[in-house]
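Counting along the sequence shown from 1, when you hit position 411 you're at 411 in the numbering used here, and nothing is skipped either side.
These are computed hints drawn from the structure, not numbers from a lab. Glycine residues also receive a C-beta, built at the ideal position from the N, C-alpha and C atoms. Be aware that a few hints might be false.
Restraint-style ranges between C-beta atoms, simulated for each label pair [claimed, not checked]: (1) S50 / G187: 47 to 57 Å; (2) D432 / P197: 45 to 55 Å; (3) A177 / T472: 56 to 66 Å; (4) N278 / P507: 25 to 35 Å.
Okay, derived cross-link-like pairs now, BS3-like style, lysine-lysine, Cα gap no bigger than 27 Å in a straight line [stated by the list, open to error]: (5) K281 / K297; (6) K341 / K281; (7) K361 / K510.
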Amino acid sequence: PKEGPPPCPPQGGESQRRDAENPNLKSQIQNPKSIEGLLVVGHSATRTWSRSERELVRVVSQQLGLILHQWQQAAAIDKYQLFCRSIESGLAILQQPSEEQSPQPMSTFSPQIFPESPLQKLERNFAQQVAQTVSCPLVAVITWNHGQQETSIAATVAANPVFALNPDAVIPVETDALIQQTLAAGGVLQQSMSELPLATKRWLRSPGIGEIMAVALRTSPEHVPMGIVVAADATGRRWSELSVNLFGGMAFQLAWWRRYLAVQSRSESLRSDLELLNWYKQRRFEEFYRTLGAGVKELGELSQSILQSPREQKDALKTLRYQQVLRQISNSLGSTHLVLKQEQWHLQLGQDAVSVSAWLKRSIDRTASLVKQLEILLEVNREACVSLPAGQVLSVRGDSIKLDLVLCELLAAACRRSPVGGKIEIRYQVLDEDWLELSVTDSGTIDRQLIVVFNGGLQSDILVPSSGNKPTIQNLLNCQRALHLMGGNLNLEILANNSIVARLILPLAKS
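My request is simple: use the sequences and hints to build the entire structure.
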């Protein structure tokens, strides 16, 4: 008979030796969490194992354990790398709308008041990215504004028609079960389609949907969520932990980007409004100062003339003129009072029928001193246009005071960039039954980059001084904003002969 196995190493102990020799004893694992697998070696016949054999098994098991552990770590690293790549790719997709917010060129015949919001593209790109990353055939983004009672699907991506949703379906925000459960959940909500109430199935209705997960577009606890994201797949789909984490992480990024774009849009809108208001009040007070100064000067001259003349020579004509000047000053004060009272933070835009000829006359009179000082030749031409009915005056729709200030600004800018003795031409024509075009053409010089900035072709860094921040271009941009608010448009261009043209498009006043 063979000798028994040699004594086990000191670190094993006698009990370990007995356990190894007795096949009927159960394995006792003192720390199960540290065990990643078991290596079992067997033989077809009853036998014992020598010390060297046991040592070999121990070394091999350690190496196998190390290899398995490294494989698991490599798999985990691959998962996290996939997670990072997905997040980076998602961030790159999310950044595209904010980088592409340059205003779109406006149509001549149908000017837009505001450029298209980048949120739609942001949400569509996000839905596509989530569908690829999580490998699900349906992703839908549902958003709403604060206080909104009903909403619809903002963006959806469906791999095939069996997962398509109705984008026009009405979704009640306050009462929909899926929305409220998602908002109440602390993270990603997972449900089967069979668990949803009938009211939710009315808008989340598609024959291919079996399993869904949803997450709220939540940024910080103090911020109210303004949307949810829903991902869906066929019945039996089990979402992996990585998919759930990716889904929640990307939704978190979308929530912050939506909030960033909303805050940025609101800040830009407020800044533009205040810049326009500042320009408008500056020009109004300049006009008030000019009117008041001229009136006071004329009153002084009339007073001296009346005092120096004998009483019997004080004719009614001077007295009448005295009263007219006082009336002009009073009207100017009344108009300025309305500005201070009604236009503290926002412009009040009227929709008056403004006669084109009267509008031109007022604007030319206001800039007459500058035209005379620079010896500018000013021409006004009316091109052949649609004939008007008898007795009807060619008029545009807008705020009379704002239109006067806009045209005065354009004429003054044309004078300042024109050489002494230059020429400025005002030309207007009726384009069709809805629109009138008025152009101011001069032969001055201007930085071509300013034209590009004005027409929205170059986005500058707001924190860095640039040509787009110069007062000249800012004043013209304010004119453009004012016309947009009145339903019109303004653009600048340089012709082939280097002439500069400021082109206004305004809606015609209907009789």
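Exercise. Taking 45 to 55 Å as the hint, is the beta-carbon distance of D432 and P197 inside that range?
Worked result: holds (54 Å)
Exercise. Hey, K361 versus K510, does the alpha-carbon distance stay inside 27 Å?
Worked result: holds (22 Å)
Exercise. For the pair S50 and G187, does the Cβ-Cβ distance stay inside 47 to 57 Å?
Worked result: holds (56 Å)
For this session: Decide if the proposed pair is consistent with the structure: K281 and K297, CA atoms, cutoff 27 Å inclusive.
Result: holds (24 Å)
Problem set entry | Cβ separation of A177 and T472, checked against the hinted range 56 to 66 Å | holds (58 Å)
Exercise. Does the hinted range 25 to 35 Å hold for N278 and P507 at CB?
Worked result: At roughly 26 Å between Cβ atoms, P507 and N278 fall inside 25 to 35 Å, so the hint holds.
Exercise. Does the structure keep K341 and K281 at a Cα separation of 27 Å or less?
Worked result: holds (12 Å)
Every hint from the earlier list agrees with this structure, and none is contradicted.
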